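2 protein chains.
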Amino acid sequence: MISGKNIIACEQSANGSNTYRTFDPLLNMDNEWQFIEATDSEIDLAVEKAVQAFETYSKKSGSERGVFLNQIADEIEALGDELIAAYCKETGLAEGRAKNERGRTVGQLRMFAKLVVEGSWVQATIDNGQPERQPMAKPDLRKMLFPIGPIVVFGASNFPLAYSTAGGDTASALASGCPVIVKSHPMHAGTGELVASAIVKAVSKTGMPKGVFSNLNSTGHEVGQKLVEHPKVKGVGFTGSIKGGRALYDIAAKRDEPIPVFAEMGSINPVVFLPRALAEKKKEWAKTYAGSITLGTGQFCTNPGLMLALASDDLDEFIALLSKEILDIAPMCMLNPGIKNNYATNKGKMMQQQGLTVVADYSQEVKTNFAQQAVTKVSGAEFLENSTLHQEVFGPFSMIVACKDVHELTLVISTLEGQLTGTVVSVQNEIKDYEKVVTALQSRVGRLIFNGVPTGVQVCAAMMHGGPYPASTDNRFTAVGIHSINRWVRPVSFQDWPNELLPNELKKENPLGIKRNVDGNWM
Amino acid sequence: MISGKNIIACEQSANGSNTYRTFDPLLNMDNEWQFIEATDSEIDLAVEKAVQAFETYSKKSGSERGVFLNQIADEIEALGDELIAAYCKETGLAEGRAKNERGRTVGQLRMFAKLVVEGSWVQATIDNGQPERQPMAKPDLRKMLFPIGPIVVFGASNFPLAYSTAGGDTASALASGCPVIVKSHPMHAGTGELVASAIVKAVSKTGMPKGVFSNLNSTGHEVGQKLVEHPKVKGVGFTGSIKGGRALYDIAAKRDEPIPVFAEMGSINPVVFLPRALAEKKKEWAKTYAGSITLGTGQFCTNPGLMLALASDDLDEFIALLSKEILDIAPMCMLNPGIKNNYATNKGKMMQQQGLTVVADYSQEVKTNFAQQAVTKVSGAEFLENSTLHQEVFGPFSMIVACKDVHELTLVISTLEGQLTGTVVSVQNEIKDYEKVVTALQSRVGRLIFNGVPTGVQVCAAMMHGGPYPASTDNRFTAVGIHSINRWVRPVSFQDWPNELLPNELKKENPLGIKRNVDGNWM
Numbered sequence: 008m009i010s011g012k013n014i015i016a017c018e019q020s021a022n023g024s025n026t027y028r029t030f031d032p033l034l035n036m037d038n039e040w041q042f043i044e045a046t047d048s049e050i051d052l053a054v055e056k057a058v059q060a061f062e063t064y065s066k067k068s069g070s071e072r073g074v075f076l077n078q079i080a081d082e083i084e085a086l087g088d089e090l091i092a093a094y095c096k097e098t099g100l101a102e103g104r105a106k107n108e109r110g111r112t113v114g115q116l117r118m119f120a121k122l123v124v125e126g127s128w129v130q131a132t133i134d135n136g137q138p139e140r141q142p143m144a145k146p147d148l149r150k151m152l153f154p155i156g157p158i159v160v161f162g163a164s165n166f167p168l169a170y171s172t173a174g175g176d177t178a179s180a181l182a183s184g185c186p187v188i189v190k191s192h193p194m195h196a197g198t199g200e201l202v203a204s205a206i207v208k209a210v211s212k213t214g215m216p217k218g219v220f221s222n223l224n225s226t227g228h229e230v231g232q233k234l235v236e237h238p239k240v241k242g243v244g245f246t247g248s249i250k251g252g253r254a255l256y257d258i259a260a261k262r263d264e265p266i267p268v269f270a271e272m273g274s275i276n277p278v279v280f281l282p283r284a285l286a287e288k289k290k291e292w293a294k295t296y297a298g299s300i301t302l303g304t305g306q307f308c309t310n311p312g313l314m315l316a317l318a319s320d321d322l323d324e325f326i327a328l329l330s331k332e333i334l335d336i337a338p339m340c341m342l343n344p345g346i347k348n349n350y351a352t353n354k355g356k357m358m359q360q361q362g363l364t365v366v367a368d369y370s371q372e373v374k375t376n377f378a379q380q381a382v383t384k385v386s387g388a389e390f391l392e393n394s395t396l397h398q399e400v401f402g403p404f405s406m407i408v409a410c411k412d413v414h415e416l417t418l419v420i421s422t423l424e425g426q427l428t429g430t431v432v433s434v435q436n437e438i439k440d441y442e443k444v445v446t447a448l449q450s451r452v453g454r455l456i457f458n459g460v461p462t463g464v465q466v467c468a469a470m471m472h473g474g475p476y477p478a479s480t481d482n483r484f485t486a487v488g489i490h491s492i493n494r495w496v497r498p499v500s501f502q503d504w505p506n507e508l509l510p511n512e513l514k515k516e517n518p519l520g521i522k523r524n525v526d527g528n529w530m
Numbered sequence: 008m009i010s011g012k013n014i015i016a017c018e019q020s021a022n023g024s025n026t027y028r029t030f031d032p033l034l035n036m037d038n039e040w041q042f043i044e045a046t047d048s049e050i051d052l053a054v055e056k057a058v059q060a061f062e063t064y065s066k067k068s069g070s071e072r073g074v075f076l077n078q079i080a081d082e083i084e085a086l087g088d089e090l091i092a093a094y095c096k097e098t099g100l101a102e103g104r105a106k107n108e109r110g111r112t113v114g115q116l117r118m119f120a121k122l123v124v125e126g127s128w129v130q131a132t133i134d135n136g137q138p139e140r141q142p143m144a145k146p147d148l149r150k151m152l153f154p155i156g157p158i159v160v161f162g163a164s165n166f167p168l169a170y171s172t173a174g175g176d177t178a179s180a181l182a183s184g185c186p187v188i189v190k191s192h193p194m195h196a197g198t199g200e201l202v203a204s205a206i207v208k209a210v211s212k213t214g215m216p217k218g219v220f221s222n223l224n225s226t227g228h229e230v231g232q233k234l235v236e237h238p239k240v241k242g243v244g245f246t247g248s249i250k251g252g253r254a255l256y257d258i259a260a261k262r263d264e265p266i267p268v269f270a271e272m273g274s275i276n277p278v279v280f281l282p283r284a285l286a287e288k289k290k291e292w293a294k295t296y297a298g299s300i301t302l303g304t305g306q307f308c309t310n311p312g313l314m315l316a317l318a319s320d321d322l323d324e325f326i327a328l329l330s331k332e333i334l335d336i337a338p339m340c341m342l343n344p345g346i347k348n349n350y351a352t353n354k355g356k357m358m359q360q361q362g363l364t365v366v367a368d369y370s371q372e373v374k375t376n377f378a379q380q381a382v383t384k385v386s387g388a389e390f391l392e393n394s395t396l397h398q399e400v401f402g403p404f405s406m407i408v409a410c411k412d413v414h415e416l417t418l419v420i421s422t423l424e425g426q427l428t429g430t431v432v433s434v435q436n437e438i439k440d441y442e443k444v445v446t447a448l449q450s451r452v453g454r455l456i457f458n459g460v461p462t463g464v465q466v467c468a469a470m471m472h473g474g475p476y477p478a479s480t481d482n483r484f485t486a487v488g489i490h491s492i493n494r495w496v497r498p499v500s501f502q503d504w505p506n507e508l509l510p511n512e513l514k515k516e517n518p519l520g521i522k523r524n525v526d527g528n529w530m
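Protein sequence lines, in the order shown, are assigned to chains P and S.
Read in order, the letters of the first sequence are residues 8 to 530 in this note's numbering.
Read in order, the letters of the second sequence are residues 8 to 530 in this note's numbering.
In short, the hints are calculated from the structure, not lab data.
Any given hint could be a false lead.
Since the list gives no way to pick one copy over another, a pair counts as held whenever it fits inside one copy or between any two copies.
[Claimed, not checked] Pairs of lysine-lysine residues, derived as DSBU-like cross-links and limited to a Cα-Cα distance of at most 30 Å, are as follows: (1) Lys288 <-> Lys250; (2) Lys145 <-> Lys121; (3) Lys233 <-> Lys66; (4) Lys239 <-> Lys12; (5) Lys66 <-> Lys374; (6) Lys294 <-> Lys12; (7) Lys439 <-> Lys67; (8) Lys106 <-> Lys145.
These numbers were taken from a predicted model, which means no experiment stands behind them.
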């Protein structure tokens, strides 16, 4: 049951008078639920309750937190069809996608549960003391990671489950021992409330302090801004636009006590097609990339928005094939009229740029809120001169840059802003002759992909989802995979501390049996 | 030989016309050397050369970088007495301290050499692919840490060797694969130039690209500001005042591409004396703390500027003993007249605060630039009301806060700003009764110390030197020990990348034999 209310420390709350509805882009009409925006006092209460909860929640054992995270996963699954229906009504996405994303979401929760139950993630590092050392005794030092405090998570428009209410940011923060306050995404507030209700049930069933979770509704920027400004909030997770992420980063940097903002923002994910790959496999790659560009109506942060190659007849043939393939794909609905309008505007603006050629533009009429996919082409020289061409068009759009030589190709890559991914399409040995191209690409991205597509982000330890600015605000940390827990923690050392008062992770006898670095050796 | 010139990409350069001298605080007169400030074009050249050098230096193997770091250590030792003499003339510190600090400096360089030669520090993480996985193949993903680019290091006034030209920031950045541009500290520009000359020799002898190191002179803020603003600089290390560190942080946060600033700034390092420890061991602790407060003329970032206890007769007796002990210590020279004047001003300001009692103030005449140590006392209530009392007085100064009960003691700790360290003085079991006090203390610090003094920072893996703001700007990273290398790196993932083109650290056959996490297991 979607009530439209906020959830403050696991209790429903609706003191405000500003209301809004979510929108069904397929039916092109408002959904039935009405949501009540959080008020300033509700924001304060959520933070105060989180601060109180932190005292006890941060001291729960990894096993206890693991039970909690698994219970959240169970409760999300128990929401059944109601969740899937709300998801579809608020996004225009298909049921299959909704179910996949739910699977990914509960999978992430269980992955973090496993991580904290096992316990070695705290990076316990021990230097045994040497009381007899000359000229001075060497103290005993033991260090591990501790949670930092209340975290604000902003729901993402394009992943209502996997990067929102109980998505990767929330799961990793809760796993680390931090309470979470979600700023619900206004486009899928109903989906968010259902997931929030699952977390509430899990809190109750596993005896966690209620302040460990809140879910606040809002349509504008004020609620999010107030949360990031709040002196007791200690960290922020965000997935969205460069403008939005940078605004939050700037607010956090101006605080008396600056706090980290992990904003995963814009990326056009350059793909380099090497000449022999185009000569030998143009047909296969045209088909593959038509699929990647339009996957999820192009609404992925890893969408391939930029394709780079050396000008050649093979490239022209590839473009013709890609054009045909992409126009054969049935247009799909976008998440929301606002996103659809931005797509149309930005695509239109791009197509008016000097020297740009439209090589494919779905020109048949489409249903309201459906996107008309397009592919364009410019020369390397034009791309280097016009920074507008470097900007992201969020949706099923891509641009091919035809470079006159390898030098220009390398230069184009070097002038790109930071990106989440960079891909090289090659026949097996060809890439060896392009070392400078690869070096340039590596300097601009967080993940390099060989002979694949950037869409699809495997949730695993070796994943880096994040890249040089503006792909993300802090590219030392990944937003996906177990290492994303490191965003919400800081190390604390204990010097000559009594063994019985140390956290279990650092006690001499290692009661948890975790992996630790002792005097330089992993034990 | 100290020339007074800048070093740009290992070449002497002196295009500017602004000059300055360093000062001998013991003799109270200028030193003989004249230094030429770096110009804007010299700054640009240093950064450009660093960018060029990064291309090759970042690809040097760990073994090659290890040889380079060890050679720097050798060259610093080869400077012999000239270095020690310059150090003493520019700081007023004793020869013994100079030699100790030199030992720490070369020790750090050799520690990082060992780390990168061994190679496991890159945190290689591998998820083998599962091409047969259903419904989709699992890609092969391999992740490790890579250096981020040119780093600016600001020399620290209080550690001319260990935290300056070839100190911990420089050593860790060079170890990671980043070129370094040092903004030389104006108080010890001669010491800095000598160390810089050692690095230049090491660059030449080990065949490193010259742009890997520059050393720029300056007295004002302009050179440092321009360096941090420079779009091609990728990170900053700083040790100094809150005002200075915050100014650099703000500049970096406002850039089009924000960069990390690791500023290690102010800390008053609270020490909690528990009642039984005071009752049973007041004499020993008074002697120990008189020594810690005055060590290095109180010019350590870990100086115990704040002592907390419950009001009692034992506390009064402890104060009397501490007062006697501290007045028995011969006053010592400060680093510079500017630092001495700030000490006198800040001490004077503190002593005028309402309700504060001066319990010890060295009132006999002292030599010019010598500090008169002092200890003061306030009640918990007064401390809670007056935030001026929370500020650092850099020098041999400390304040005792007498709290009326445990609740007030906990409150006092909770209201403190972030600190590098927090110490508890206790008889062995007593601390168990003060769980809330310890929890509050842990929330404010990076390192907890039991029955010791905060001065003395062991260089080891388990050390955390850094703490919640304003102790440091980014308390997820330590400034001391091997983990400080993590400040200058970012992870990059390789997806389905050809094995022969992977960095050696990630190749299937593990040619370097490093420790790696493979499919969740450390191998």
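These are the hints, each one checked on the structure:
no.	hint	result
1	Lys288 <-> Lys250	neither (39 Å within a copy, 59 Å between copies)
2	Lys145 <-> Lys121	between (36 Å within a copy, 20 Å between copies)
3	Lys233 <-> Lys66	within (28 Å within a copy, 45 Å between copies)
4	Lys239 <-> Lys12	within (24 Å within a copy, 48 Å between copies)
5	Lys66 <-> Lys374	neither (53 Å within a copy, 53 Å between copies)
6	Lys294 <-> Lys12	neither (46 Å within a copy, 61 Å between copies)
7	Lys439 <-> Lys67	between (51 Å within a copy, 19 Å between copies)
8	Lys106 <-> Lys145	between (56 Å within a copy, 19 Å between copies)
Going down the numbered hints, you'll see the structure goes against 1, 5 and 6, while the others check out.
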